[in-house]
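Starting from the given sequences, assemble the full structure and let the hints guide the process.
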Amino acid sequence: MELIFEKSRPGRGATTIPRSDVPEVAAGSIIDKNLLREEVDLPEVAEVDLIRHYTQLSKRNFGVDVGFYPLGSCTMKYNPKINEDISRLPGFTSLHPYAPAEFSQGSLQLMYETRQYLSEIFGMADFALQPAAGAHGELTGIMVIKKFFEKKGEKRSQILIPDAAHGTNPASGALCGYQVVTVRSNSEGGVDIDHLRELMAEIVAGLMLTNPNTLGLFERNIEQVAEIVHSRGGFLYCDGANANAFMGKTRPGDLGFDVIQLNLHKTFSTPHGCGGPGSGPVGVGEKLVPHLPIPRIVKRGDSYDWDYDCPDSIGRVRAFYGNFNVMVKAYTYIRSLGPDGLKRASEIAVLNANYVKERLKPHYDLAYDRVCMHECVFSGNRQVKESGVHTSDIAKRLLDYGYHPPTIYFPMIVPEAIMIEPNETESKETLDAFCDTMIAIAHEAKENPDLVKSAPLTTPVRRLDDVKAAREPDVCWKGRM
Amino acid sequence: MELIFEKSRPGRGATTIPRSDVPEVAAGSIIDKNLLREEVDLPEVAEVDLIRHYTQLSKRNFGVDVGFYPLGSCTMKYNPKINEDISRLPGFTSLHPYAPAEFSQGSLQLMYETRQYLSEIFGMADFALQPAAGAHGELTGIMVIKKFFEKKGEKRSQILIPDAAHGTNPASGALCGYQVVTVRSNSEGGVDIDHLRELMAEIVAGLMLTNPNTLGLFERNIEQVAEIVHSRGGFLYCDGANANAFMGKTRPGDLGFDVIQLNLHKTFSTPHGCGGPGSGPVGVGEKLVPHLPIPRIVKRGDSYDWDYDCPDSIGRVRAFYGNFNVMVKAYTYIRSLGPDGLKRASEIAVLNANYVKERLKPHYDLAYDRVCMHECVFSGNRQVKESGVHTSDIAKRLLDYGYHPPTIYFPMIVPEAIMIEPNETESKETLDAFCDTMIAIAHEAKENPDLVKSAPLTTPVRRLDDVKAAREPDVCWKGRM
Amino acid sequence: MDYVPHTPEDQKKIMETVGIRTIDDLFTDIPEKYKLKNLLDLPSALSEQDVSALMKGIGNRNTIPPITLMGAGAYYHYIPAVVGHVISRSEFYTAYTPYQAEISQGILQAIYEYQTMIAKLTGMQVANASMYDGASAMAEAAVLAAKTLNRTRIVVIRSVHPEYRQVVKTYAWANGYEVIETPYEKSGRMNRDALLEAVDDRTAAVLLQSPNFFGIVEDIASIASDVHAKGALLVSGFTEATSLGILKPAGDMGADFVVGEGQAFGNPMNFGGPYLGIFAGTDKFLRKIPGRLAGATVDREGKRGFVLTLQTREQHIRREKATSNICSNEALCALAAGVYLVCLGKNLKKLAELNFQKAHYLKETLSGLTGWESVFSAPVYNEFVMRCPDPKTVNQKLENAGIIGGYELGKDYPDLKECLLFCATEMMTKDDIDRVVSIIMGS
Amino acid sequence: MDYVPHTPEDQKKIMETVGIRTIDDLFTDIPEKYKLKNLLDLPSALSEQDVSALMKGIGNRNTIPPITLMGAGAYYHYIPAVVGHVISRSEFYTAYTPYQAEISQGILQAIYEYQTMIAKLTGMQVANASMYDGASAMAEAAVLAAKTLNRTRIVVIRSVHPEYRQVVKTYAWANGYEVIETPYEKSGRMNRDALLEAVDDRTAAVLLQSPNFFGIVEDIASIASDVHAKGALLVSGFTEATSLGILKPAGDMGADFVVGEGQAFGNPMNFGGPYLGIFAGTDKFLRKIPGRLAGATVDREGKRGFVLTLQTREQHIRREKATSNICSNEALCALAAGVYLVCLGKNLKKLAELNFQKAHYLKETLSGLTGWESVFSAPVYNEFVMRCPDPKTVNQKLENAGIIGGYELGKDYPDLKECLLFCATEMMTKDDIDRVVSIIMGS
Ligand SMILES: Cc1ncc(COP(=O)(O)O)c(C=O)c1O
Ligand SMILES: Cc1ncc(COP(=O)(O)O)c(C=O)c1O
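Residue numbers (this note's numbering), protein chains in the order written: chain A, -10 to 470; chain B, -10 to 470; chain C, -8 to 434; chain D, -8 to 434.
Calculated directly from the structure, the hints in this document are not laboratory data.
Ideal Cβ placement from N, Cα and C applies to all residues, glycine included.
Just so you know, not all the hints are guaranteed correct.
[To be verified] Below, a list of computed lysine to any residue pairs in the SDA-like style, where the Cα atoms sit at most 25 Å apart:
(1) A:Lys288 with A:Gln105
(2) B:Lys332 with C:Leu27
(3) C:Lys275 with B:Glu461
(4) C:Lys294 with B:Asp354
(5) A:Lys288 with D:Gly362
[To be verified] Pair by pair, the computed Cβ-Cβ distance ranges are:
(6) D:Pro405 with A:Asp296: 16 to 26 Å
(7) A:Ser176 with D:Asn141: 39 to 49 Å
(8) C:Arg426 with A:Asp296: 36 to 46 Å
(9) D:Lys3 with B:Glu28: 18 to 28 Å
(10) A:Asp296 with D:Gly362: 24 to 34 Å
(11) B:Arg8 with D:Arg291: 26 to 36 Å
(12) B:Arg8 with C:Asp184: 40 to 50 Å
(13) A:Glu27 with C:Leu30: 29 to 39 Å
Now the structure itself:
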């Protein structure tokens, strides 16, 4: 499909700028000419061209509204439309972040109560809403821990992270100046307790644990893990990206976690917008509260205000207060479901994952054969051995059947990983149709491997050349309009 | 694709009804049981199923935003997005039609000024906005004429309509109790003046003329036509569906038309919504104003009010005041374009039609070889003779190339008619690409007629069986959920 | 802001191909003296930003009330978010009537589903793709009856919406038919004897509404057989579409046509339009019913698909012999109604019950006010008539509080001066009702 | 309203297949004593209608001002209608990061086009698919510089947005880097000498903004070569994205990175987020730049297509060795920005000129008030600093009129007590300005 630049024609336009109702001053008469630009080299298209361009692009994109999206670790549950409508109310979209508190009581109340709800759901003392995404929340959470030790005058230089962890965990640890030490997983997919005990020394700030972990498994030895980490004065950090597994069933705070980051765009059903905006609130236990980012919202009587006076805070991780408009959707979601709805969401998310696991078990190698939580992880090993069909081929073949594939090749400790997260919003028919398709592909792999390897056949483009993209990078169009 | 009924499962739902905050009274305790129903037999689906169902359906639909839509006589110009946004403002959507005038000054002003603008653009004394579509406007216009003669105590039983007219014209005439008499077209596509003179007697209420007519041709002898009709005391009615041809160039009122209906959903760019809502305002000359539908909006000082006291009115043709929300879009459009914009719209609409006409002339039989207005009409005769490829085949083949076909087999006086209305909002590249495709299809018809006859090949369904649909009508699903 | 993409060069090239030197060379067919020499006298063009500001200003000249006691043919209901999202899909709202079925399966199937749901709700075998509104739908049903039966008389009960009766009269007048109105009885229901008396062998159709304009549920079955016995057709309308959620379908009670306003199904009040006319009938009229019909068929490979069907009924084929002249209808409103019905599903009954309860609580509360009394004894759905001291002042008080009051029946029913028609839907809370009462009581 | 479609039968069947009797059989891995016995203490579930009413109520607790004099990092601009229509396409907003390129060509191409336009506007060869916001983008640029150069010192001018400096400090602190702030001179521009003095062989990056926090246009070229001479990198930010419409691209003046807040490009103020961080750099850093990059390639049939590329830079491959930990970014905001830039096209310059003119008219007008004076002499874009008697009272007066006043600089700049930072965009009319003046003058 043509680029918008290739559709550009000199003299066209999709808008007109209002005439000025104030005296015209030429910029050049005030700003030195050599600080001004000639003209902007942007495309010139009519409104109809613009709309058709992006309408056509949208037709070449796949979202949850289009079909089943079992992308593991991403919790692609259905995004209720009412949340969209509410988030588009001018009362929420049109307010300047520096509006006086008198003007922003609605927004402040919403953020304040969101903090309270999240604290209750996850059993933490308080939450900070500033981080813009999960990884941003991880960074903030680790910074909070770092600040704690700094205040205590303790030097701790290492952070422990299981080998199964998501890439953002080690990256976040490193971005906080910590040396990342990897903890092995044990035979049943949990933390290798002995290895943890061995590694957990006084120079270790803490353990970043994803629970349920990236294998979709709940850490059975969580009490031991917490005990070990805490006994050496470390903090137990929870990557809450998988929080959809346990709402209303258990609470990280109760389990011994000192810090947790959430992904509102996963657990709380805010749409992911092709990769953002997200929102990554950070929850902490009592003794870490003083270190959360500034500003904090305080409630005085019935009214809310900002508090910038937090001397022990890590400071800021971004400007303003966070992705407010995403919080609006999460808040609406929490109020819609209520405590029983959130519980049922987690219960059915787990039930659906186990259903898919049971149905596919005979046809694909199950990485760990035990009850899973909200997602299940298979390996494509059998297919590779039998017919040289790789997980990537299976994923591409799913495209021909109208599905978004599961997450693949993650977690890295599972070879040829296929990570399936069905979510609670999908019906039995949808799950069955997907499982039938996965089984059909398993047969195709046996009987007609080349078909699977040549997939996709029905998409607007065939399989794309990633190597060329990386070898001869072209990230900005160089042509002339 | 499955019907929504086939996706229904007992016990599912896409919404919940609020709990009642008033005392519960069972309907059965007040309304006789035999007037109450058991339960409603409607589908039960989850919100995600609903959204995916209609999202998938939308992907099987073609609109102006998807591509070029040269559907003759329908003026499928681009619908500016600002008009949509404005029409969705709560201030316009959320008001009850019986709101007191004090509450509805904005709506009343908008309707009042719309009347004024339309009167200026078309040179009429006044407009009524009540009709819901073009045909509804025709009906209203003819009723106004009928009422005039009734008041004068004149009996007129016939209405004259050219053979080229749109089907709604004779149907509207008949629905007003008039005997429809057909006027022949002459060799150059205009009204056969002699035939008109012969038919235009004292028992004729008037002539319903489409100008430019359905051949896209302007009635050259309009003065004579008006003279003949008026000299016998008849009224000259203008079907204004083709008004996009002459805004700012000439005015029906000046040309001698006594009545005109418009299609706001064509000329004034309000989207057609798969077949409606439309809006069909009726404009009339001085002496017909008293007969327009009630109520009328009156302006007193700066404020507006309703006037129900119109003794000579035909009464009502629908409840309330018309398709108000459509008027909001038309009003926004008029204010955006202004007088020069409207003029340019018509000029370029005509220019584009003549461009397509010139480019396709060598390849298809042009019905009438003269300057056309906003649309041009070809005949598929040559293709039928050469290779048995019919206009319907050419239309279906266009689907494979991603175009909405022109209007076909209308007007009926042109065999195998192909009626192309490109509109002013389309770029030269779009017109060229379409013409190239039409030419390519003309060649395909010669070289590979079976290919063209087997089209479409790329649509979600192949060519559909209209005969079966009519022979074994199935307009309501009979299955069980 | 015009929306013409042509650059000067484009225009030059195009004009060359067309072979003209000036644009006006294209308008030579217009008699010279009728060519406009000056620009039209209209406000000058505005940028999108300016037009947006202008229109918001006009919108703000309207007052959107927190509470509405007005029904009378247009109803304030909650519209589920999904409705707006679906009808905002541009593949739907920027399309024309689905003449090219192969690229219009989306709307054709959606309309087929809508027709099916309307048929189920009305107890009919056939429903069309929509008419302009409830009133014109009733008028067209009357005309259709007259044309098919070759009769000239329409009998309509006075408890039918006054504007609907006006529309019926206008259509009847244009066709030279006579319209006879028959009274309602003290209970507010139709006067059965007067009605049947009015029905004779010239009578094409009897028109009624249930709920009628007073919100009263009529016993349709009680007249059906007698009407049919006279060879006339029974056209049963309704004021409030959500009532179909609890009321027995008119089709099950002998109606030949069911017509009504579908706005309550997912369409905003829009100051009166666009709305959609619901039109359903028995199998007998399948080939006579006006308007578009989506029908199922198969493609060349035997795959199910949908088309506009039975078009020989319609104006573009039948021309002056068509029973109706309708061409464009209210497709997008029908789509919205379809989405609404799918979203509500069986909950439509619960919703109707909630409306019933709110209205009855409001009715009781108002009946408790001194000098107020319920006028009619017959059962109602979500509207009812109250007699009260000085209705105008009552409405004025409410208006001063930014609330829309009841419908003043005096202007249409001399016998109902001092009477207001009130409506309560699921949107009205107990607090609203208390507030209304305190405003009415306050001086 | 939960959004679980399962009927009791569905659930039964599924549980049978899974082989459990109760749902809790699935949660046995949770230590018994940590299983929640009671429901969470949260407000109970609401129907869509009720939640909609609740949320509208909360929204109405906010006051949306008719006039905003506040900029300071978030800007009130007109957003063309097309932007909302495009980002409301559910194929876009309900998708995840485009890991599966073949069914994500829509967003991948749109982002590729966005990257291209950002590169053109900033005068850079590379731009990424967005960062969280302008502040974190600047911080990541600083960290990237330090990591690549193996240096530990960040020099930032005090005329950079105070919150941006805070973010830079937080990121620097976490990595053990030192941040040095250098002053601005009387004119409001950077103090060149002080700056260059602060730059030594430990210095990784110099951070500045143009326009800076005071709205002042900096002469970037005047320091570029000296900064480079010391082996440091020049990170040039901006406060207001629309200024790119008239200002010479920092890339053309020697910047190594251009970072800034892209909100002004078609994103509403949203009470502070979501926004998008613009991040662009020279070719040199193509393989170091943080975040997503969409790149062009071909499919098996040689057809052009797009993928996420150079992923070896990123955390999911590099893990602790990645320069950044960013995963999700602000894709939908970047899409909005892209649509905005396509819509404005060359008119972006006209729009910037209009902003410039409105701001200068406001500046002139306010300078005319007794006791008011413009603080800095250097040229500005659409923001400027005024010293006036009792800024708090000025803002209070405006607030009482429902207007958001200027930014009180005293809290960040002790030397700028009595000073307010004002902003005017194309949204401010002459009438607004007159109104503001009369309110300020009024007692
Ligand atoms: C387990 C886990 N942790 C962290 C993240 C990072 O979240 P985000 O993309 O919102 O930064 C992800 C996202 O995929 C994840 O799956
Ligand atoms: C020439 C002409 N007249 C009248 C009409 C009827 O207009 P509507 O469909 O709005 O009733 C049409 C619509 O196609 C038309 O083309």
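* Indices of hints not satisfied (ascending) -> 4, 5 and 11
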